[in-house]
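> Mind docking these for me? Both chains are given alone in their own frames, and the hints should help you get the complex.
Going down the list, the protein sequences come from chains D and A. Residue numbering for the first sequence follows our numbering, beginning at 5 and increasing consecutively. Residue numbering for the second sequence follows our numbering, beginning at 883 and increasing consecutively.
Source of the hints: derived by calculation from the structure; they are not laboratory data. Just so it is clear, CB atoms sit at the ideal spot from N, CA and C, and this is done for glycine as well. Heads up, a few of these hints could be off.
[Said to hold, decoys possible] Each pair of labels, with its calculated beta carbon distance range:
no., chain 1, residue 1, chain 2, residue 2, range
1, D, Leu112, A, Gly1148, 55 to 61 Å
2, D, Arg239, A, Glu1370, 48 to 54 Å
3, A, Arg1072, D, Ile142, 48 to 54 Å
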Amino acid sequence: MTAPAQTADTRTESAFVSRLKALQFQEYALVIVVIALFVVGAILKPDTFPTWANVRNMLTQASVVGVLAMGMTFVIATAGIDLSVGSMVAAAGMFAGVLIGDTGTSSLLFIVGAIAFGTLLGTVNATSIAFGRVVPFIATLAMFSIGRGIALLFNHKLPVSLLDLNGGSFGDPGTFSLLWFGTGRILGIPVSVYVFLAITIAGWMLLNRTRYGRYVVAVGGNREAARIAGVPVRRIIFSVYVLSGLLAGIATVLLCARLGSASPVSGNLYELDAIGAVVIGGTSLAGGRATIVGTFLGVLTFALIFSLMTQLDLSTEIQQVTKGAIVLGAVLLQRPEARY
Amino acid sequence: MTAEPVKVLEVRGLTKEFPGVKALQGVDFDVVEGEVHCLLGPNGSGKSTLIKCVSGAYEPSGGEILFRGDPLPVGQPAATLKLGVATIYQELDLVEDLTVAASIFLAHERRRGPLLDRDHMFKESAALLARLGHEQISPRMKIGQLRPAAQQIVSIARALSHDVRLLIMDEPSAVLDEGEVDVMFDVIRRLTREGVGVVYISHRLDEIRRIGSRVTVLADGRTTASGIPATTPTNELVTLMVGRKVEQLFPERPTESGEVLLEARGLRSLPMVRGVSLEVRAGEIVGLGGLVGSGRTEVLRLIAGVDRMDDGEVAIDGQKLPPHNPRRAIDAGLGLAPEDRKSQALVLDWSLAKNVSLATLKRFGRPLLKIGEEKARTREQLQALKTVPDDPDRIVRLLSGGNQQKVVLARWLLRECRVLLLDEPTRGVDVGAKAELYKVIADLAKSGIGVLVVSSENEELLGICTRILVMREGEVVAELDAATATEEELLRHAVAPTDSSVLAEEVA
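Chain A with its partners taken away, still in its complex shape (with noise of 0.2 Å):
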């Protein structure tokens, strides 16, 4: 570092209080130039409350923003963009019927008196998809086309339009494979060595040394810890995100497996799934590996009978599933934990118990309902998860993401499903509920559950899978032993022909 860097940014003793909550108590923060501002911290901690303030959304209830030096105007998006401060959040927010042209120039387009200067907002989207690297995006393509990391890059691309000098990203790698990853961080040093500043939200602890410079911690509202060097031990910093220590991220293994309860033939749905074969024991938990794109989470939606199959047939307990029919798959056994809980899972504004009760309403009387039954019964499901909180009346939609998890996971239980199937579970969750999620799905597979998960952490996979298939391009390609298998070698096989002999080819 040379001697005193400028600071791009500079938070001093932030609070932003809602009724009734304090959202912050008192942040400080600054990012100088040049650098990666790691942001961490549990949900529901302030990160979100924070990089909103800062970009205008909120108006904050006191302490200070500076900007360059100056104050940054409060409660004004439009003015703070100006600035350059651009923000990039988590859910990609680009219209997928727009050209990556009208996306970046999206409420700033280019004019030419009255009409839209389509040629110069071409040109200059070319000129600013170059200087990040990847001039292979056309500007006349539509969001759409892209692969969720080349929507990425075209975010970023549309920060950059507005001359950015702090670019703050809520999660950007989320939605993102490994691969993708890598091609998102070397946008990033690139905009660094130009002199950007960037906060970076995460909840991938490995990403954090990979592209950091500095991490500031929050917890409950306040920097536990301030601009301290990413290269800090990833224990002390779940310690300072979590308050106490998280003993072990990963449970024990289950290890016995009994008989098969779920069994996949040839399951064809083109494009994206081109002849899947699998199988699924009791008190197993098998990982369905490989990058985004690679058919997983189509493999999960055909076995639970809610995409229509070109071909193949599931069967449970050697009994076979009429296709396309997510009932039947239901009554015998399956249960599916979407990959985006909110838009495929949840019914956000009703009470935990409505939620937890949806798939088993028959168990609680004909034709009218006992409603107290159904809270007892549901209580006792949310309990065991150990949900916070578990008052079957409250609202879904004020839980924090690890406990809307476990609302969709009771709501199987409750059924008493047989085979679980769980798309990308940890996702937007904190470090210290993952670790709370990972016991609780060892625990199920030890009761004798069956459980197939699919994740884009392949440290997650290797760390509560007991076996992982494999997937590249619509395909199961390798299986591979979780205990011994590693990081490297599952990227290996999700990201290129291989000639080891591990192909797997289930026969029955």
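Isolated chain D, as found in the complex (with noise of 0.2 Å):
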């Protein structure tokens, strides 16, 4: 990521130096944390850790929570949090399932429900915390259970098959069409991993290099300067847990497109790897300070540190304690001015 010529830069410091200033402590670090964890898989299994194809797997499975982690930058930049991101992954699918129905064979149709009905979920959401002032804690957790029982209902507790979209199986899919997103290739890269690219590269854009970055750092940072400097507040908060749930909707059809159907118990727990990547990337809980390439190499040390756990044949359970450990001993890293 290159940033534009700093033209009236007079300082003596080479743009080089200045750009590399620019990277936090934690970016450094966690840029060493994934070059270390790949290395350490590579030597604990040679023959499987560091081939293309587990690469490929990874960076796949990463690509879903990726995208859900680049929505909640932007929310706990406000200060935010959204605990209903997993739960609105299991309802879209379900709505967008339900939707194409049976005999559906539109792709189409199953890619605009899925991230209508993430926006409408997050909407609900920016609503009750912009303008019903319920905290965001209390607001998302709301949904976090009524998106799933939503989920639940849709089908009878039952998935939905989508692989009618593809004839049937996953073979060969179509450019463009639903099982694409979640199997095809371009360049032997598969394509979630693209989008999930395009929205890391979008999202840094928007947040460093837009005015309405800024707005929402600058709500988190200091709501009541922000206020009184001009920045419509309640818009800039309104607005990011639709984006939460616009990314949560893209994430579903990543996911769907990759399993082939919509399950209603699908997506739990993605929450807490989304706000752990966000954490581990250096982010600030208590708002104002933000880093989308933080969240990127994130969202990359929990895809290795899982993929190698998988291949040493730990269990899910221990996945789960260590992925709350790394998500605690982040935070207590975090607090730089603990004043008790």
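Structure representation (structure tokens):
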């Protein structure tokens, strides 16, 4: 990611040095962590870990949580939280699955339906938080339950198969069909990874190079100061939850496309993965400091750890304990000015 | 003075280094029983570091601190407090929801067995408050119900509950108005009569003559004068503080005024504001005086659209503004520099550039911001205001109070605002920086901006304004010509009803 040329920069240090300085400590550290994890994996499982197939697999799986984590970065930048992303993924998938019906053949209808439903649920969050003044934790905790309930109601607790969209099998999805987003490749790289990367880059631009991004961080950094400086605080807070819902819709598409089905129990604990990646990346839970690069690296860190643990035959229970411990550790490291 | 008064505190050759900074480089300072020893120095001169070393919050790097002849335990705030060294910090650090008694005994509650002995604490609190001459403050009241001065007295009572021998007060008057300061001074005098030594830190030089016995001046972490009499002339003190002569504290007043820029009519927001009308012309500096709590800050916030009003209207250039809409007010040319820079104006972890440009981002490109241009434009504004440092990449948190205020002003100048609303623009700013800010404000007015300034320092209002509106209990009760008015006059209007004929009732 290159910064635009700084025409007015009169400092003596080179542009390269100043760009390096702009990276936060946590981002440096994470790059090292990512490399170290990869090396450890390569040493422990030399035959299976450092292979292209494994990397591809890791990235494909990471892209779903990665997309959620980008939305979560904006939410947390405003000092908010969105606990409902996992439930929104399940609800959006079931909505779109039921929408296209048993004999549905329209990929586009599924994609639009999932994104629209995710956005709708996000808008409900946004409305209760920005206008109902419900604290984000409670509003999205409610949606965590509501979303999951809706997902179960749509098809009597049963999943919906989406393979009909592809002639009943996973084989050879046509470009831009639903399954293509989950299993297709361009130049050997999975389509879902392109989607994740595109959203990451767009997220970086939005956060660091637009007025909107500035406002988001200002609202998290000092809400009263932002208001007095003319920032439309309520609109900004509203927008980040809508954005989170929208991205949950996109994550739904990637997930269902990969699995070939929509399931009411999918997306379980995705909120923890997304929040964890954001926090590990260095975005402050107190708001006012956000980094997309950090979130991206946080997502990679999580993906590497769990791929490695899976290959070492460690159970999912142990993985879950590890996940929680990592998030806790990241938050503990993050409090620079503890006052008690 | 009697022969050989007892030294409560003696500081010799004290040094304190932080990574990369020598905050204290050899400070000498002593306090005898029953005196008020004032500590003077610009922001960043090391006053706070010094008192934190004494109170045990910091561990000094070198030198000694003796308390009644014996070394104080270093870096142990609890042990220091137990010996009788209590500190009252600048910001009132009381919990609004606690009772007075609970606040006084916070962290050293009286107990009977495992349970709190509330009766005992109520009785003892009442006794402490009576000792300070304020038995009317009930130990059962909540802190939030008390005015700032009463809260300050509770803080002092809390110090007394530790059997204090040395009381350190860090800018205790910053949140008080002048009447309340008198009340606090009475309390301090009672304590010194009992033999307590007091260290008193303030930026208000007039207070030093009123309450102090001796003065120690700090500049750049060194004592430039130690224990000189409090009667030392003000200009000498200022010279010692800034290391150079402040030629003139107040700049020349703007004399010409143009058309009416801001007009407020019948502003009402009960209970604080009860019908305020005023106008500000281009080139004017209008002061809004009165006691803390008379509704001055609220008037500024209503004008800026930050708070909701019950009634009234605000117009810029004759164009009525929609109520409770800060964005539209800013678009019309208003800029508010609020009372508390840190909590209401700045994103402290942001760079200067981002803070300055926050209200002007539209100008730097759409959809993508031109970061280079943003920095160049903000640097221009920062340089015009002589902000130190003016590097747009610096973090605002690390700047001194005066320079942080300039960052806020730069924001509104970049926005090309036409009416500036300044709320306590020099609070917590040292004398040298105050003079600079006054000059900036005067220059802005001369360039055609209308300025409305709220201040608790009457000297400041009289020094920089063209006219002063005095508020009392939510109303404007007088309009004074700042060039001829006196502090007594100002205070008289602020405190009591007056039969004078200058009651201002602005009629359009």
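> So, for every hint listed, does it hold in this structure?
Verification of the supplied hints:
For Leu112 (chain D) and Gly1148 (chain A), the hinted distance range of 55 to 61 Å is satisfied, since their beta carbons lie about 59 Å from each other. Restraint check, Arg239 (chain D) to Glu1370 (chain A): a C-beta distance of roughly 50 Å satisfies the suggested window 48 to 54 Å. Separation of Arg1072 (chain A) from Ile142 (chain D) is about 50 Å and conforms to the stated range, judged on CB atoms against 48 to 54 Å.
Checked against the numbered hints listed earlier, the structure breaks none of them; every hint is satisfied.
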